[in-house]
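Asks: Sequence:
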Amino acid sequence: MDTQDLIALVLTVGGFVFMIGLGFFAGGWIERSHLQSLEERELQNHDFFVTQVKSHPGITGAGPVPKAFFAEAVISSDYLKTFLGSLRNFFGGEVMSFRTLMDRARREALQRIIAQARAEGYNAICNVRLETADIGGNTVPTGKQKPFVMCAILASATAYHRA
Numbered sequence: 153m154d155t156q157d158l159i160a161l162v163l164t165v166g167g168f169v170f171m172i173g174l175g176f177f178a179g180g181w182i183e184r185s186h187l188q189s190l191e192e193r194e195l196q197n198h199d200f201f202v203t204q205v206k207s208h209p210g211i212t213g214a215g216p217v218p219k220a221f222f223a224e225a226v227i228s229s230d231y232l233k234t235f236l237g238s239l240r241n242f243f244g245g246e247v248m249s250f251r252t253l254m255d256r257a258r259r260e261a262l263q264r265i266i267a268q269a270r271a272e273g274y275n276a277i278c279n280v281r282l283e284t285a286d287i288g289g290n291t292v293p294t295g296k297q298k299p300f301v302m303c304a305i306l307a308s309a310t311a312y313h314r315a
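Numbering (this note's numbering), first residue to last: 153 to 315.
Hints should not be assumed to be uniformly reliable.
What the hints assert, rightly or not - Ranges between beta-carbon positions, derived for each pair:
1. SER238 x VAL217: 48 to 56 Å
2. ILE182 x THR203: 29 to 37 Å
3. LEU158 x ILE287: 38 to 46 Å
4. ARG184 x LEU161: 31 to 39 Å
5. GLN188 x ARG270: 19 to 27 Å
6. PHE235 x VAL162: 17 to 25 Å
7. VAL217 x GLU246: 37 to 45 Å
To be clear, the hints were calculated from the coordinates, so they are not data collected in a lab. All C-beta atoms, glycine included, are put in the ideal place defined by N, C-alpha and C.
Modelling step: build the complete structure from the supplied sequences, incorporating the hints.
Replies: So this is what it looks like as structure tokens:
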């Protein structure tokens with residue numbers, strides 16, 4: 153093995169280790185700060201009534217007319233989660249690290265709808281619908297593995313004024 157091959161090997165392995173470390177430290181920090189932000193907003197909005205039923209429970213005649221709101225949240229995986237997910241997918245089983253991506257995206261989309269509704273004077277939402285969307289082409293069978301996993305949630309709800 154000559155010097156050029158050794159340098160190429162060190163750069164390849166070093167780049168891989170660097171990206172894994174970056175995913176561990178930076179990705180973990182970003183995820184923790186986002187989860188903390190979600191918890192703070194959920195505490196601020198604890199008095200906001202949220203339901204999935206199609207009717208308007210407790211609606212009053214006073215207040216603004218019910219209105220539809222829509223929000224979207226996209227959360228991307230970091231390099232470490234993608235690598236560990238690939239390993240887990242190879243050996244089989246549920247990829248737990250991707251579950252947190254879905255949870256964060258759902259919670260973020262719901263908080264965005266609540267913020268929009270509250271800004272317009274509403275205090276409740278009903279008919280909450282959360283749909284996933286494939287924006288990274290991860291469900292298209294191409295034979296190639298996609299470099300990163302992304303989770304997109306499209307949320308819709310009807311806001312109204314509750315007694």
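Asks: So, for every hint listed, does it hold in this structure?
Replies: For each hint, the structure was consulted:
1. Checked against the hint of 48 to 56 Å, the pair SER238 and VAL217 passes, with Cβ atoms roughly 49 Å apart.
2. Here the CB-CB span from ILE182 to THR203 is close to 31 Å, well matched to the stated 29 to 37 Å.
3. Under the hint 38 to 46 Å, the C-beta atoms of LEU158 and ILE287, about 41 Å apart, fit the expected range.
4. At about 34 Å, the CB distance of ARG184 to LEU161 agrees with the hint of 31 to 39 Å.
5. Take GLN188 and ARG270: their Cβ atoms lie about 20 Å apart, and the range 19 to 27 Å holds.
6. Between PHE235 and VAL162 the beta carbons are some 19 Å apart, a value that agrees with the proposed interval 17 to 25 Å.
7. Separation of VAL217 from GLU246 is about 44 Å and conforms to the stated range, judged on CB atoms against 37 to 45 Å.
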